[in-house]
Each structure stands twice: as structure tokens, then as C-alpha cells.
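A.B. asks: With the hints as constraints, model all of the structure from the sequences given.
Listed below, chain by chain, are the residues.
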Amino acid sequence: NAGVMQNPRHLVRRRGQEARLRCSPMKGHSHVYWYRQLPEEGLKFMVYLQKENIIDESGMPKERFSAEFPKEGPSILRIQQVVRGDSAAYFCASSPWKAGGSSHNEQFFGPGTRLTVL
Amino acid sequence: QKEVEQDPGPLSVPEGAIVSLNCTYSNSAFQYFMWYRQYSRKGPELLMYTYSSGNKEDGRFTAQVDKSSKYISLFIRDSQPSDSATYLCAMASGGSYIPTFGRGTSLIVHP
Chain Z
10 NAGVMQNPRH LVRRRGQEAR LRCSPMKGHS HVYWYRQLPE EGLKFMVYLQ KENIIDESGM
70 PKERFSAEFP KEGPSILRIQ QVVRGDSAAY FCASSPWKAG GSSHNEQFFG PGTRLTVL
Chain A
17 QKEVEQDPGP LSVPEGAIVS LNCTYSNSAF QYFMWYRQYS RKGPELLMYT YSSGNKEDGR
77 FTAQVDKSSK YISLFIRDSQ PSDSATYLCA MASGGSYIPT FGRGTSLIVH P
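Chains Z and A, in that order, give the protein sequences.
With positions in the first sequence counted from 1, the corresponding number in my numbering is that position plus 9.
With positions in the second sequence counted from 1, the corresponding number in my numbering is that position plus 16.
Straight-line C-alpha distance at most 25 Å; calculated DSS-like pairs for lysine-lysine: (1) K53/Z to K86/A; (2) K86/A to K72/A; (3) K58/A to K36/Z; (4) K53/Z to K58/A; (5) K71/Z to K18/A; (6) K53/Z to K18/A.
None of these hints come from the bench; they were simulated from the model.
C.D. replies: Written as C-alpha cells, this is what we have:
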């Protein structure tokens, strides 16, 4: 069973360009979470999605950032008009559905995408 | 005050030592407590997951939760150089699907 997959692993963009980060959850997992990690900081929650639904995007900046998890295909985190401050490691995690919701605490992380904005 | 406090270290120990990693928290609603290990330039890996207070053991790892003190610990026995990594604590309240992470403690186990 393959783990959570993310690509690309490294992404370099110039200011003003768009960045698209992709995440394929573990097989059988229906919950996807995106986090951002900056040096000297912990993981910061961005958005939680289920298939075709954004459940919670309270951690996502209001502008330039969007996420989707279509019925078919990977989840996408999209950053428009990137700025230098967007440079960070972006991690995707997935968890299975379990009654009671406790599975949210058993998140399996991908290897991350390291975004560098020049 | 941050919801979850974790000393970033680095914590340097000799091979074979017992390692104690700790986090404190302020939100009394937290009921689920997790420890993740993150190697350099890799994604976090879930090590231990406990609910409420008490101890949980898995091989060389023991997780301990003291809800009365709002304090959690991860103990690593017979530490190995391969344990060198950053250890992140995380916790969540019942019904919340978003864990709150500590900053992580960098552990270095030298031969």
C-alpha cells in the first residue's frame, strides 16, 4: 500500500507565477489535510478536504490560495501570484474515515513539496 | 501563551541513553495526544497516539500523558543514532479534526 504521495518534491517559482502542489492520499483514505511548515515553526494547518468538499479552510490565507479535492485525481493546493513569503515546505496528510471521527488524529503525511520563490 | 509549548533543543545525547521529550499545553479540552518523528527534509511520521491520561508503550518508545499538569512526554530507551530527528508533539480536542502541533524538538544521538 503506497503512502501519501506528493509532487513535485521541489518547486521553484519566480514572484508572480503560480504554484500547483499535488497530493494523492493513501488508498482508502477519504480525508486530506494541507499544512505549511516554515523554519523554526511548527506545522500550521491550512485546509481540510473530503472528496469534492472543502470542510475547513480556516488556516488558509484569504487571497491567492485555493485547494480542491476532486472526485477523481489528486488534491491540489494552488498558490497564485507567489511571493517570497510563500517559500516553505507544504505537507499533505490523509486519514481514513472511522466512526466517531477519531481517525483525524491518525494522519499520515507525505514527503512534502518544498517551494522556493525567487 | 502558545497553546502547545515545546523546547526546540537541540537535545544531544550519547547512544544508549534514555531520552525524555516533553510538551506542555494550555487547552484543557485536549484529549488526543500524538508524537510524530520527522527526519530532515522528510514528512512527519506518526509514532505514538494516546487518548486521555496514562502511559502507552511501543517497543523502545513510551508516551505519557498527565492531564492534571497539562504535560506530555515521550521516552526513548536505548537511543540509537537512527533516532536522530525532530520530534513533534500534537494534540486535539474531542470532535476537532485539526491537531495543534508543537514546534518540534531536535534530537541528536551521537555514537
